[in-house]
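Here is how the chains run, residue by residue.
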Amino acid sequence: MAALTRRLLCNTAWRQTVVPSLSSFGNRNYTINATEQQVLSCAKYGGRHCVTLMTGDGVGPEILTHVQEIFRYAGAPIDFETVEINSSTTDAAYLEAALLSVQRNGVALKGNIETKFDDAEFRSMNVALRSRLDLWSNIVWCRSFKGVNARYDDIDIVLIRENTEGEYSSLEHESVTGVVESLKIITAEKCERIARYAFDFAARNGRKKVTAIHKANIMKLADGLFLESCRKVSEDYADIKFSDMIIDNASMQMVSRPQQFDVLLMPNLYGNILSSIAAGLVGGAGLVPGMNVGAKYAVFESGTRNSGRSLKGKNIANPTGMLLASCDMLDYLGHHNVGALIRESVLDVIAQPQHQTPDMGGQATTTDVIQAIIDDIKPKTQTSLQEAQSG
Amino acid sequence: MASTLRSSRLLLQKVGLLSSTTKPLSTKRGAGEPLGKVAKEVAEDVTKQLKNRFAKKAYFPYPGDPKLFVVAQHNVHTGAASHSPVQIAEPVSHPEGRNKVTLVPGDGVGPEIMLSVRDVFSAAGVPVDFEEVFISEVQPAQSVSVDTVVDSFKRNGVGLKGIITTPSSFKGGVLQTLNMKIRRELDLFANVVWIQSLPGFHARHNNLDFVIIREQTEGEYSALEHESVTGVIECLKIVTRANSMRIAKFAFDYAMRHDRKKVTAVHKANIMKLGDGLFLQCCEEVSKMFPDIQYESMIIDNCCMQLVSNPHQFDVMVMPNLYGNIIDNLAAGLVGGAGVVPGESYSQDVAIFEQGARHSFAEAVGKNIANPTATLLSACNMLKHIHLEFHSMLIWDAVHRVIKAGKVRTKDMGGHDTTSDFTHAVINNLKH
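These protein sequence lines are chains B and S, in that order.
For the first sequence, UniProt numbering assigns the number 1 to the initial residue and increments by one for each residue that follows.
For the second sequence, UniProt numbering assigns the number 1 to the initial residue and increments by one for each residue that follows.
Don't read these hints as lab results, they were simulated from the structure.
These figures come from a predicted structure and were not determined experimentally.
All C-beta atoms in this analysis are idealised placements derived from N, C-alpha and C, irrespective of residue type, glycine included.
It is possible that some hints are incorrect.
Which residues of chain S face chain B? A partial, calculated answer using Cβ under 8 angstroms [claimed, not checked]:
id : residue
1  : Phe170
2  : Arg257
3  : His385
Restricting the straight-line Cα-Cα distance to at most 20 angstroms, the calculated cross-link-like pairs of lysine to any residue (SDA-like) are [said to hold, decoys possible]:
id : chain 1 : residue 1 : chain 2 : residue 2
4  : B       : Lys296    : S       : Met245
5  : S       : Lys154    : B       : Pro77
6  : B       : Lys378    : S       : Glu389
7  : B       : Lys380    : S       : Arg98
8  : B       : Lys378    : S       : Lys404
9  : S       : Lys268    : S       : Met289
10 : S       : Lys404    : S       : His202
11 : B       : Lys380    : S       : Arg246
12 : B       : Lys312    : B       : Asp57
13 : S       : Lys288    : B       : Gln103
14 : B       : Lys116    : B       : Ser87
15 : S       : Lys288    : B       : Ala93
16 : S       : Lys384    : B       : Asp79
17 : B       : Lys296    : S       : Arg246
I would like the entire structure built from these sequences, with the hints used as guidance.
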């Protein structure tokens, strides 16, 4: 069955219409494919891609090393261009180099860069990367993992977040001493763009409902515009139910009855908060992958964007989130069979209690998990290569 | 017959394949029982034992096995090495499956050289299966169609290709040659020839190490020629912005990936101000995205002179189609000729590995004198491309060791050894 599904996925006609009932990928059946423009921005020659690897802070560098190791065993046709960027490389030249590298390769896998909040001069490099590359949508898919102990085991929520404006516009000033104005920018153009993306995503993947999250009762103009744009776009999608919810209520509903949500559509800050809540409900920061997609480029990272500074060097960080993000990246690049292969192994392995890291309530170390995944992948590659070619 | 059986039986017992509990021949063979039946029984016993052993995936050592040695399989977790005997040292990490690769033997000495590649591959235990398709312009009767070849390349994504001869005479019909058709169909826009001196072999220049990247889908090779007025032929050279940007990006990406420092664009924009001008402009534009790589340009005639007088100044060179063709051959001549320089062609999805300088060497067919070095080295590049770095290095080292020792040399390198001698030397130098 797994073989059949892989073969079907290799077939171009199948890429757009993935049927959710194909359950052999563990419990993740949806893939995001690159659009034509995105494909053109990728550096792909002879079937091999070059991908930028931004190391980041905390456990980022170690986990990304493990990702590369697993890619080698699985035979993923990816070359990495490593860019050392973290909170200590504050010089603008580093950021420029990283930006150019993503522009050259079209795709990046990224560890999170810590943002110091006690230093007013320190501008977030994560935000700079997202806005300069115009990565306007952030997608975090929170789905309960089989075999993982969590608050709920029946969650399946896609959180789609506007990624470039709103509260993250970095426009703050002290107009009078003691009075700080922080500007939240909402534009009709960007709201409509993200709304259309969310509805497209829902339509493509057979989702039933899109819920817009806002605070239009207080910010009547700004969030009002967001809500209005979403409502306007929803009229084009008759099959998909549209509803809206205020952020404070949504947060409460999220922890008390999360099963009611399907696709969530949010401006920047609310998205940040709700993604973290949802990730917490299915097992925590180490498990959930995330992706940032713009018109031309895509950056893949962990869903909640934690750097895991306290875990650094202890060999106990959970590699699952980053590995699943790298599988999403393989799907995006069109290497569906390798992506499915790794994803299947990762999900199989972490479902076993002896391969769960301390954050999941287990005793295993990061290298334990990686070794188990490699042991699982190796025999599968014997057949997957042939299938990929004959398919 | 009986004595042969007995001795082979002894041998099998020695290596532990035949259980000693099996009754000896003399007792087993009752009166009137045919010898053949007993032999069959013994054979079945051996087969069973073999099957058991393979099922356990254990390697069975026998005395005097030259290849037997112990390799450490490291456990990522504990860092401890558990020792298990295997036949070939296991690569650091690679997928376990076998790869399928399209093989186009080509004209001239192509088939002979591919045989040498096959021999070396099987001796090195390379997990590659070839899908052979024969295509030729000069032997149309045995040739398959272009579609078949293109399909095979597309399906496998990787190919090893000999040279397909293109006759110069025009007998009417299509202007496009077979090579051009394949390249067009697959959109193989980039050709890479890595000029590298072979240590131990003295050519015109030594210690050369530079890369020639050539656009190979448009330019002079567009196959658009016509006689507008009697006696006047117009031959169109097409330069497009899209293709120029693409090859320039490829060249810089290649430089980046292979840790190169400089890219030189070769052109004739002083004469063809618009055509080559566009190419040059695209290279300049792309270079802005690569601040770490030095960019310069050079006019083709000067470039040729510099190549023969001072070739060490070059690192990566990027150029349109025809200039690339000429420079490829010129540069191959600097390090030892068509027999020693590997090359590769890329599209987005397909990579084809072939000789760097495209000569089929038809004069040498059947003489067993052609030099397989170029094709062996491009096969190494192919292995690297499909994640088999270990096998790639194994063969690459062996070829270089043979050439450095200088004892076995084919005619083009100044020796008198045959293709098969060279192949055997390479096989003997594979260090498992």
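Consistency of the hints with the structure:
Evaluation of the Phe170 of chain S hint against chain B yields a violated restraint, the C-beta minimum of about 33 angstroms exceeding 8 angstroms. Interface restraint check: Arg257 of chain S against chain B, minimum CB-CB distance 6 angstroms, threshold 8 angstroms, status holds. For the restraint placing His385 of chain S at the interface with chain B, the shortest Cβ-Cβ distance is roughly 6 angstroms, inside the 8 angstroms limit, so the hint holds. Proposed proximity of Lys296 of chain B and Met245 of chain S is supported: the alpha carbons are some 17 angstroms apart, at most 20 angstroms.
For the suggested pair Lys154 of chain S and Pro77 of chain B, the alpha carbons sit about 16 angstroms apart, so the restraint of at most 20 angstroms is met. Only pairs whose Cα atoms come within 20 angstroms are accepted, and Lys378 of chain B paired with Glu389 of chain S is accepted, the gap being roughly 17 angstroms. At roughly 12 angstroms between alpha-carbon atoms, Lys380 of chain B and Arg98 of chain S fall within 20 angstroms of each other, so this suggested pair holds. This hinted pair does not check out: Lys378 of chain B and Lys404 of chain S have alpha carbons roughly 37 angstroms apart, beyond 20 angstroms.
This hinted pair does not check out: Lys268 of chain S and Met289 of chain S have alpha carbons roughly 24 angstroms apart, beyond 20 angstroms. Distance restraint check for Lys404 of chain S and His202 of chain S: the Cα-Cα separation of roughly 10 angstroms lies within the 20 angstroms cut-off, and the hinted pair is therefore satisfied. Note on Lys380 of chain B and Arg246 of chain S: the hinted pairing is violated, with a Cα-Cα distance of about 36 angstroms set against a maximum of 20 angstroms. Of the pairs offered as hints, the one joining Lys312 of chain B and Asp57 of chain B holds, with about 9 angstroms between alpha carbons and a cut-off of 20 angstroms not exceeded.
In summary, the hint linking Lys288 of chain S to Gln103 of chain B is supported, as the alpha carbons are separated by about 12 angstroms, within the 20 angstroms threshold. Under the criterion of a C-alpha separation no larger than 20 angstroms, the hint pairing Lys116 of chain B with Ser87 of chain B is consistent with the structure, at around 8 angstroms. Among the hinted pairs, Lys288 of chain S with Ala93 of chain B is consistent with the structure: their alpha-carbon atoms are about 15 angstroms apart, no more than 20 angstroms. With a C-alpha separation of about 12 angstroms, the suggested pair Lys384 of chain S and Asp79 of chain B falls inside the 20 angstroms cut-off, and the hint holds.
For the hint linking Lys296 of chain B to Arg246 of chain S, the alpha-carbon distance of about 16 angstroms falls within 20 angstroms, and the restraint holds.
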